[in-house]
Amino acid sequence: MAAAATTAAAAREMVLRAGTLDMEEEEGPLGGGPGLQETLQLGELDITSDEFILDEVDVHIQANLEDELVKEALKTGVDLRHYSKQVELELQQIEQKSIRDYIQESENIASLHNQITACDAVLERMEQMLGAFQSDLSSISSEIRILQEQSGAMNIRLRNRQAVRGKLGELVDGLVVPSALVTAILEAPVTEPRFLEQLQELDAKAAAVREQEARGTAACADVRGVLDRLRVKAVTKIREFILQKIYSFRKPMTNYQIPQTALLKYRFFYQFLLGNERATAKEIRDEYVETLSKIYLSYYRSYLGRLMKVQYEEVAEKDDLMGVEDTAKKGFFSKPSLRSRNTIFTLGTRGSVISPTELEAPILVPHTAQRGEQRYPFEALFRSQHYALLDNSCREYLFICEFFVVSGPAAHDLFHAVMGRTLSMTLKHLESYLADCYDAIAVFLCIHIVLRFRNIAAKRDVPALDRYWEQVLALLWPRFELILEMNVQSVRSTDPQRLGGLDTRPHYITRRYAEFSSALVSINQTIPNERTMQLLGQLQVEVENFVLRVAAEFSSRKEQLVFLINNYDMMLGVLMERAADDSKEVESFQQLLNARTQEFIEELLSPPFGGLVAFVKEAEALIERGQAERLRGEEARVTQLIRGFGSSWKSSVESLSQDVMRSFTNFRNGTSIIQGALTQLIQLYHRFHRVLSQPQLRALPARAELINIHHLMVELKKHKPNF
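Going by the working numbering, the residue at position 636 of the sequence shown is 796; the numbering climbs one at a time, nothing skipped.
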């Protein structure tokens with residue numbers, strides 16, 4: 161109904177507008193009538209108004225033309241005046257109908273009005289109540305702020321009082337001496353746990369009193385006397401206990417490590433003395449140093465003396481050098497050979513002393529070895545002595561640092577106060593022994609023992625022995641170099657003519673060198689040292705010169721080469737057993753052996769096949785220079801060579817093989833030389849074949865007598881020795 165009313169109103173307005181325009185056209189601008197005497201209120205349609213805007217008129221006209229009712233009227237050609245009256249009539253009907261509806265709902269409207277009035281009254285009372293509540297909240301918030309301020313002030317006072325109470329409590333607790341503390345200090349034995357606990361409490365209270373006295377706290381005077389008497393009593397009991405433990409070290413056959421371990425349980429005793437009675441602490445430390453210093457000195461002096469009694473009786477002397485003649489020193493007063501003699505130039509099993517398992521093995525027990533009639537080389541005694549020294553020194557250094565509360569230089573000084581006399585005695589003994597020592601292998605093994613023990617001490621974090629190791633090495637290295645230089649000089653000054661009868665077998669001096677050099681090289685490979693390699697290089701040069709001097713004593717070049725090859729092969733074999741294959745010594749002797757072997761093969765082939773060798777070399781030289789025509793004059797010589805080789809090569813090869821096997825002590829080396837000689841013979845005959853294939857000698861009748869090269873190879877393989 162509302163939509164219909166709206167549509168009708170719009171149509172009515174359009175019709176009225178159209179009717180007005182038509183009346184103006186009919187009556188004209190001056191037409192009379194009662195309505196014209198009054199001013200028309202046209203609103204937006206008043207074109208005489210200053211506010212009239214043509215654009216807006218166009219917009220309204222366009223909007224009205226778009227209306228569906230207007231479109232319908234314009235399409236049907238309805239008279240607008242009649243249509244306007246019809247619309248107006250409909251509007252009146254709708255208006256009357258609306259009035260009747262309002263009259264029917266008048267009671268409801270009145271009831272609604274009364275309800276709205278009642279709601280307004282209720283809302284007014286609610287507004288009043290909320291206003292009162294708001295005023296109450298304002299007063300409450302102000303009271304809450306006051307309470308918060310009061311609470312904050314109370315919290316500050318509480319914290320201040322708690323802080324004061326904590327400080328006062330600490331002060332009182334630090335000053336008050338409980339009865340349990342007094343009872344434990346006066347009556348309990350020092351070995352009981354409660355004595356140690358109360359001693360720590362006493363130390364803390366004494367420190368607290370000293371601190372408060374420095375701040376000027378008057379209450380400290382009340383407890384100072386009690387604490388001093390307790391401190392004196394505790395110091396007395398601790399002094400007697402520790403001195404008793406130290407004096408127990410002096411008893412014969414006492415294992416001093418057991419009381420040391422017991423003292424570590426009460427290391428706080430010394431800390432207490434250090435903080436409360438330094439004079440007593442110094443007395444205990446001095447007594448410990450004096451006692452342990454004498455004990456270590458006595459123990460090591462006795463052990464060292466008994467240890468040297470189980471050394472080999474026969475040791476290297478100043479005449480036991482590499483270049484000394486190997487003549488038996490036998491006489492009426494000569495000593496018989498011992499069952500277990502320490503060799504001078506041979507390493508043997510002596511190198512095991514620096515192996516990881518043997519290096520840290522238990523120390524030797526002299527009286528056990530004497531009962532078993534066991535004897536040891538010097539390096540084994542040196543290892544046992546210094547392993548005991550290393551083990552005890554590490555334990556002593558760690559004990560000193562932990563019990564006496566020292567570290568750094570102070571720990572070093574205290575350690576050397578305890579062990580200094582023992583270390584000095586050991587150094588003097590070593591210096592005295594080395595003055596008459598000529599066993600280079602023993603000295604070199606001792607050097608490597610020291611190097612390994614120094615690494616062990618570093619791993620145990622005991623730097624106190626570093627200086628001692630350097631002093632020991634300062635004694636060992638010069639002696640080792642001196643002995644090595646003496647051996648070098650002995651080889652250099654050896655006169656081959658004074659060595660007696662010579663043969664082509666390996667010389668005993670070269671065997672000594674091979675064993676000695678391989679021993680030092682194998683030891684040096686573990687911890688390389690350049691100085692050692694330089695000294696060995698000098699010795700190698702002198703030995704090579706010595707071998708050449710001895711070889712020069714043989715009349716024939718063949719014997720010289722056999723002697724050289726035998727000696728080089730022997731030295732190379734011994735070196736390769738112990739040294740690495742790529743060592744300088746192995747490479748040097750390998751080159752020398754190869755050169756002399758090649759020369760010997762040529763010397764070996766020269767008597768039976770010398771003519772053939774000479775002709776092949778001459779012919780190849782002529783062919784290379786382009787003078788092959790000169791070979792035509794050598795037909796008779798070539799024929800003789802062909803027939804001579806064919807008739808005698810088998811017997812010559814057989815004789816050659818027997819001669820080689822007699823000349824060389826190493827069958828493998830002899831086999832290698834025979835194989836080299838046969839290979840070179842095949843190559844020589846093959847070259848001879850190529851020379852005879854030249855046009856100048858191709859028509860030679862004797863070429864038919866040449867042996868087939870493959871047949872020769874098969875026959876020569878039969879002469880290859882098998883071992």
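It should be emphasised that the hints constitute simulated quantities derived from the structure, not laboratory data. Don't be surprised by glycine CBs; every beta carbon is placed ideally from N, CA and C. Warning: the hint list may mix true and false statements.
The calculated lysine-lysine pairs, modelled on DSS-like cross-linking and capped at a C-alpha distance of 30 Å, are [claimed, not checked]:
(1) K478 with K454
(2) K405 with K425
(3) K405 with K393
Computed Cβ-Cβ distance ranges for the label pairs, DEER-style [as the list claims (entries may be wrong)]:
(4) D626 with E690: 16 to 24 Å
(5) T517 with Q631: 22 to 30 Å
(6) M873 with K777: 49 to 57 Å
(7) R847 with N705: 53 to 61 Å
* Asked: Which hint numbers does the structure go against, in order from smallest to largest?
  -> 1, 6 and 7
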